[in-house]
Each structure stands twice: as structure tokens, then as C-alpha cells.
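Participant: Kindly produce the complete structure, drawing on both the sequences and the hints.
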Amino acid sequence: MRLRRAIRRQTIRRTLFAGFSVLVALIVIAGLFGWGTISGLSTDVNETFTHANDLTQQSSRFSHTIAQEIQAATSYLADHDPASEREFRRLGWDAHRMHRSFTSHRNDLPGELTNTILVDARLAEVENTFAVAHRLADLGRTEAATRQARKARTQVAALLEELNRIDRANNLAFARAATSLGDEAMRRSMLLVSVLAIALLIAVFIATRTARVISHPLRALVKHAVQLSRGNLQVRTRTAGLPGEFRTLGDTMNHASESLARIVDGAADTAEDVARSAGDLASASKQISESAGEIAEAVGEVSSGAESQVQQIRTVNRSLEGIRTRADDMVAGAAEVHALAGAIESEAESKRAEMTRALKILLDVRNIVQKAGAEVGALTTTAAEINNFVVSVGKIAEQTNLLALNASVEAARAGPAGRGFAVVAGEVGKLAEQTQITADDVVRLTEAVTTRVTTTSKAMENSATYVAEIERLGRELNSALSTIVAAAERTRQAAAAVTSSARENVRAVENAAENLTLVIRTAEGQATAAMQVSASTAEQSAACVEMTSASSQLLQGSKQLKGLVGELKTAAA
Amino acid sequence: MKARALLLLLAVAGCGRGAEPYTIGAAGPWKEGYGVMTRRGIELALDEINRSGGVRGSPLRVDARDDQADPTRAAAIAEGFVADPKILAVVGHVNSGAMLAASRVYDGQLTAVATSASSPDLTGVSPWVFRVISSDSLNGVILGRFANQIGGRDQLLKRAGVLYENDAYGRGLAGAFRRNFRGTLVTFDPISPKMEDAETFVAYLKARQAGIVFVAGREESALRFLREARRQQFKAVFVGGDGWQGIVTDPAAAEGAYVGTSFNADDPRKEVQEFVAAFEKRFRTKPDAFAALSYDATRLIAKAISERGGKRAGIRDYIASLGPERPFAGVTGPAYFSAGGDPLGMGFRIAQVSHGVLTTGSAQ
Chain A
32 MRLRRAIRRQ TIRRTLFAGF SVLVALIVIA GLFGWGTISG LSTDVNETFT
82 HANDLTQQSS RFSHTIAQEI QAATSYLADH DPASEREFRR LGWDAHRMHR
132 SFTSHRNDLP GELTNTILVD ARLAEVENTF AVAHRLADLG RTEAATRQAR
182 KARTQVAALL EELNRIDRAN NLAFARAATS LGDEAMRRSM LLVSVLAIAL
232 LIAVFIATRT ARVISHPLRA LVKHAVQLSR GNLQVRTRTA GLPGEFRTLG
282 DTMNHASESL ARIVDGAADT AEDVARSAGD LASASKQISE SAGEIAEAVG
332 EVSSGAESQV QQIRTVNRSL EGIRTRADDM VAGAAEVHAL AGAIESEAES
382 KRAEMTRALK ILLDVRNIVQ KAGAEVGALT TTAAEINNFV VSVGKIAEQT
432 NLLALNASVE AARAGPAGRG FAVVAGEVGK LAEQTQITAD DVVRLTEAVT
482 TRVTTTSKAM ENSATYVAEI ERLGRELNSA LSTIVAAAER TRQAAAAVTS
532 SARENVRAVE NAAENLTLVI RTAEGQATAA MQVSASTAEQ SAACVEMTSA
582 SSQLLQGSKQ LKGLVGELKT AAA
Chain B
783 MKARALLLLL AVAGCGRGAE PYTIGAAGPW KEGYGVMTRR GIELALDEIN
833 RSGGVRGSPL RVDARDDQAD PTRAAAIAEG FVADPKILAV VGHVNSGAML
883 AASRVYDGQL TAVATSASSP DLTGVSPWVF RVISSDSLNG VILGRFANQI
933 GGRDQLLKRA GVLYENDAYG RGLAGAFRRN FRGTLVTFDP ISPKMEDAET
983 FVAYLKARQA GIVFVAGREE SALRFLREAR RQQFKAVFVG GDGWQGIVTD
1033 PAAAEGAYVG TSFNADDPRK EVQEFVAAFE KRFRTKPDAF AALSYDATRL
1083 IAKAISERGG KRAGIRDYIA SLGPERPFAG VTGPAYFSAG GDPLGMGFRI
1133 AQVSHGVLTT GSAQ
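Which chain is which? The protein sequence lines are A and B, in order. Quick note: the first sequence uses our numbering, first residue 32, plus one each step. Quick note: the second sequence uses our numbering, first residue 783, plus one each step.
These are calculated hints, taken from the structure and not from any lab test. Glycine included, each C-beta is placed from N, C-alpha and C at the ideal position.
DSS-like, lysine-lysine: derived pairs with alpha carbons at most 30 Å apart:
id, chain 1, residue 1, chain 2, residue 2
1, B, K988, B, K976
2, B, K813, B, K1063
3, B, K940, B, K1017
4, B, K976, A, K182
5, B, K988, A, K182
6, B, K1068, B, K976
Listing some non-contacts, in silico: residues in chain A with all C-beta distances to chain B over 10 Å:
id, residue
7, R44
8, I58
9, G62
10, H111
11, T301
Partial list, computed: chain B residues near chain A (C-beta under 10 Å):
id, residue
12, D852
13, P853
14, L882
15, D971
16, I973
17, E978
18, D979
19, T982
20, A985
21, Y986
22, L987
23, R990
Facilitator: Here it is in C-alpha cells:
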């Protein structure tokens, strides 16, 4: 647990470093342990065999010294040489000193001490016996000395037996030591192998542990990446406890996931907005399309209206043609009226002259009256003709007046373009009214003339006497004629005015006609424009339809987007 | 064995208050005369200690084993003591050969205070081994000089014969004597502890006209030799080492013999006289050096335990720490120890057997 916590704070590099350090340390420890074991073993072996060697050497020297000592003791018995005695004592002393060094020597082998103690006692016995033998020999008691010597030899045999026993015991002890060394060697080998095995196990553990430290977070991160690639953005990698690099990587991936999730959320919201907007757009474009249809329809209507207007204007134009023709006729009529008025004037002039002459001839009046009666009759007829003509003028005027009225109506309908035309039409109307009045006056005058002529004729018929009267009447007639002349003049003038008016009228009509042509052209342009508008509207409508379908596609796309985003989210859930 | 049981009984009875007793070991040839005296010294010390309240409030107990003066047995007993954790220290061994063998076992493990093991070979054998008797190399010097003094101008007394028991003690003491004696040695022969051939040696020494006979041995061989000398009417000055102290048991044979000893019962010092009085009261005999040495060794160990407690190493350290300004006041003298474990400050005197007792009146 502590290791885990330690590793948690560590980077892979550190983990690897620590792992390798531990491995190296383990190898070093195992090596040191092996070295220690082997050197310890070799020290043991060395010590044991050094000791064995020492012991063997000492034992050998000891045995040799004892042998020499016994030799010296024996030879003293034979030759009584004091040198042999001294040699015996010296060697004995040496042997005991050797033995003392044995006992003061470290006793490594079991039983070693006991063996050497016993050997010392045996040697002492031998020495004691030989000492007695020597003294006996010195005293000349040869037999006793020989007995003692024999006793000494048996003791020597026991001593040699003891020495052999020591050698055997030592050999046995060495064999045991060798066995125990062998066992020790085996034990140490086993220990070494165990340590190596443990080191290997620890190494494997560390390697596994290190691999797991790397592979475990790696697997987690790979899993995270796979989930990410499948669109699951809710997956997070637990970075606590990971090595530093993986912690950084995991944190980064977690951040990436979060960022991606945020982006997808944003995209989802946006898609929804787009979908909503596309829906709105679709409905709006539908409405626009419908509106465009309506507009197209309206424009179509405008177009057809403009067409019918053009048609009507053409009709008006044609009427104006008629008006012009009639105005031409009216000019011609007025010219005739003018001519007639001239004729009336000249006639009246001539009548006045005739009256004057009539007056002069009044005296012959009876004749003349008769003649005059006939004349009067002719006059009545003429008057009737005038009357008829005037009636027709009145009718023309009436017609003109009607035309003017219509024209003004049309002008009003034509709007600003027809404003001038309306003035003209007004003027035409006034002229027609004046013409009517004049014609009425003419009718009334001709009626009065007729009446008076009839009366005059009757008077002439009835009274020849009334010549003075007639004369006076003649004068009156003269003045009447003058009036007529004047009236005729006025008529002429009126006729001239009518003519000029009619001409103006014609001009006005022509203007009107021109204006109308303009109007027509305008209307036609308007119609064309309307057609174009209609076409544009159709195009707009088509565009709207396209837009609608596009927004439908947009809607579809945003729905798909939404669906995808939803999948992302649901995949995450 | 009976004696050992008695000793245990005494030890326990002496201070039966139930406290865990301190136990020390003791080893020697209990059946020998000097062994008996050694045991008596131990028993007396134990009695006095336990009667006066024990050590640190606990009774002191002694586990006594008989080593029969045999080095092999001594080594085995030493191994037993070392292996027993209750044993805090050992009084003994008594014999040099036994002590030499046992020293190897005690080394580094257990403190042993030898009583009468005086072999020079014991000097420096182990930092855990001490002895209350001075080394034979020192005793031999004193004895050799004494022999020189006896000789004076008498040519006869310039001829000495030396017999030695052929063991560590005998060889050590005889060797020291030989190095310090300036006269002529007519012989220098090993003898067995039982001295079966005393007749031969006495006859030989008589024939060689030895004026002084120095025997480095113990009372058994000494008595045999002295009796044989008397039988052959061999007149010479007989000198022995501390091993000869027991010869007083045969005053007829021993009369006039000189004995080197580390204890003087006539010492007027108060502790010596109290010891002698207590010993005589209890055992109806005068104490000799064996008894005095074992008495001192036992009291030295008890003192070390009371000072340092029941730790083996503490006891060793205490004994090693004694010095001339702070010695242990023993009946054989104020004791402290050299680095080699030998006692410094203890005396070694020459006494003469006179009317059945050792007297040191004329001694140095």
C-alpha cells in the first residue's frame, strides 16, 4: 500500500528508475551475499584446515618429541649416559610445554581437549616410570630397573595407543568438520540459491509491477480513446494514482473529452437553433412564396388591368379619333356657318340695298309687294333650312359637350398624364356649350325672322298703304338687316371662333390622342413592367420554393445533426 | 554427594526468607584432604554471609561439584556451570591442572576464582579467570631463595634433590624452584601423586647425599615420601610448597619440614584471628591456606554480587576493577588482581611443622 502510494506520486521514469535501482541493489546484495557466503565458507574452510594442519603438525611434533624422549630414556637405561638423562628431561619438558600449548590453543574440535589432557597424563605416567627405572638403574638394581622399563614400555604402548586414538579422533573430527563444512557449503549454497531466487522473484515482481504501472493506465487510456472514438464523451480516466506522464496524458484526455463534450453540446444547441431557424425560415419562405403568389396574381391582375386600360385607352383614342373627325366636321360646319354668315351678311347687305331700292320702288310696291310676298315665302323656306342647320349644329355641340365630358372623365382616370387633357376637354365642353347657346340664339332669331317675315308679308299683303309704314318698316328692316348683318358678322365671328376652337379642339384631341398614345405606351410599359413584375414574382416565388426546399433540407440536416449529437450523448450515457 | 546435600541444606537454612537465592558454583577434589579444607572455607564463608542477611537481601547458595582434580572432569563440570544460567560465578577450581582445563571453558562466559591453583600457566589464561593464590612462578622464587638461605655455607646444603608431581602444579612449582636455586641439583625427577616408588627415590637421594629435598606435590605423595625418608633415616631438609600444608596430620613424619603457604593462622590481623576462631569453633581444627583461600574466594564473589547484582559480566568487571587503593580485605591479605588474574598484595610465607602445627614465626 505504501509502495502504491509512493508509485502514485511517481512518474514512469521514476518508477522505472526506482525499479532498476531496486534490481541493481538486489543484484548487488545477492552478489555481496554470495561473495560473503563464499568468502565466509572459504574462511571457515581455511580456518578448519589451518587448524587441522596445525593440529596435525603439532600432533606430529608431539609424537616425534615423545618418541625421542622415550628413546633417550631407554638409551639411558642401557648406557647411563647423563646426556641421555638430560635429553630425556629436556624432551619431556618440551612435550609438556607442547601439551600446554595444545590446551591453551583454541579448541575447535569436540573432544580435542579431553584427548590431549589424557595424553599428558599418560606421558606423565611413562616419565614417572622411566624416572623410577633410571633411579633404580643408578642404584644398580638392574633387575628392578628392567621391570620398571618393561612397565614403562607397556605404558608407552598405552601412550602410543592414546596418540593414535587422538589421531583417529582428530581424523574423525576432521571428517566430521569436513562433513559439516560440506553441509555448511550446501546450506550456504541453498541460502545463496534462495537469496537469488528471492531476488529473482522480487525482480519479477518489480518488473511485473512496473509493467502493470505502465500497462494498466495505458489500457485505461486506450479504453478511454476507444470510447472517445465511438463518440462516448462522458468517459473519464481516473488519473489519481497514475504515474506522472499518464496522469498528464489522462488529464489531457479528460480535458479533451470535456472540451469535445462541450463542443458537441454547443453543436447540439446550435443544430437545434438551426433546425428551429430552418423551420422558421421554411415557414417564412412559404409565406413569402404565398405572398409572392398573391403578388404575382395581383400583378397579373394589374397586368390584365393595364391591358384592359390600354384597351379602353385605345377605345378612348378611337373616340378621340371620332371626336377629331367630328371636330373636323365641326370645323367644316363652322366654315360653312362662316360662309353662310358671310352669305347672310352679303345677302343681308344686298337685301338692305334691295330694301333701299325696295323703298324706292315702294311706290311700285303693289307689284313689288306681291313680289316681295313671293320673296318672303322663299325667305320662310330658307329660314326653315337655317333652322334645321342650327338644330344640327346644336346637336353637334351637344355631342361635343358629351365627348368633352367623357374626355374629362377619361383624363381624370388617366391621372396626372390626363390633366392637360382634362383642361382641353373642359374648354371643348365650354365651346360646345357656347355653340349650343349660339345655335339656340340662331334658332330663336331665325324663328323671329320667320315670324317677322311672315308678318311683313302679311302686312305687305294686307296694306299697301302702309307704305310709309313699310318704309318706316323698311328702315326698321334696314336696321334689322344691319342687325342681321351684325348678327351674321357675329355668327361669322362665332363660326370663326368655333372653327378655331374646333381646330384647337382638334389639336387638343390630337394632343390628347398623342397623350393617349403616350398613355398607351406607358400603360403598355406598365403592362410589360407588370408582366416583368409578374415574371419576377414568379421567379421570386420559385426562389422562395427553392428556399423552402433548401430550408427543408437545412431542417433535415439540422435534424440529422441533432440526431447525431443525440447519439453522441446517448452513446455516452 | 552427602556433603553437597548438606551444604545446600545449610545454604537454604541460613537464609530461608523465600527470596530467590543467588547461586554460585564450586569445584574441587572434595575427597582429598586439601579438598575438605577447601570445602570448609567455603562453608564457613557461606554461613557467615547468610547469617548476616545474605547478598542484597537474598540468600547465597553454592552448587559444589567434585572434579577429583581431574582436568577432564573439571572441564565437564565447567561446561555444566556455564550452561546453567543460575550459576553467577565459580569458586575454584582447586588444582592447577583442573583449573587450566576448565579455564578454556570459562573464558568469556563465567567468572572463576581459583583457590589454590598456582600454576604459572594460569597467568593470563583468560580475563574471566582469577585466583586468590599467588602463582608458582612467584612461590617458586620464594621457595628457591629460602632453600638458598638454608644452605648458607654448608656445602651439603648446597645439594638439593627435586621431586615433582608430574602435572601442571608440580612442573610449574618445580620449574620455578629450579630456576631460583643456586646450588647443585642431584636429581630432578617426576613422581606420581601416590608416590608408589618413594623407596627408590629416598634411596637414590640418600646415595647422592642431597642436603635439601624440595618436593612439588601434595600431601599424599609428601606423607609417603616423608615416612619413607624417616624409615630409611634419611636426614635432609624437606621443603614443600603450599601443597604440603596437610602434612601436619602426621606430625611424626612431618616434624621439621618447611612448607610454603599463602596463609598464616598466626597473623595477628583481626580478620585473620576472627576467621581462625570461627573456623576452629566450627570444625575443631585450625584452618590452613586451602580453607583460607576458599573462604576469601567465596567472600570475594559474594562481595562482587552485592556490588554489581546477579550479572556474570558485572561480577567479572567488579573483581577486575579492584586496585591497590581499593583492595578486597581477605584473610590471606588485601587482594587485587593483575591483568593476568594473579593476586597482588597477598602474602606467601614459609612455615615449619612444629609439634603438629605450621608455625611461621621465623618466616620472612
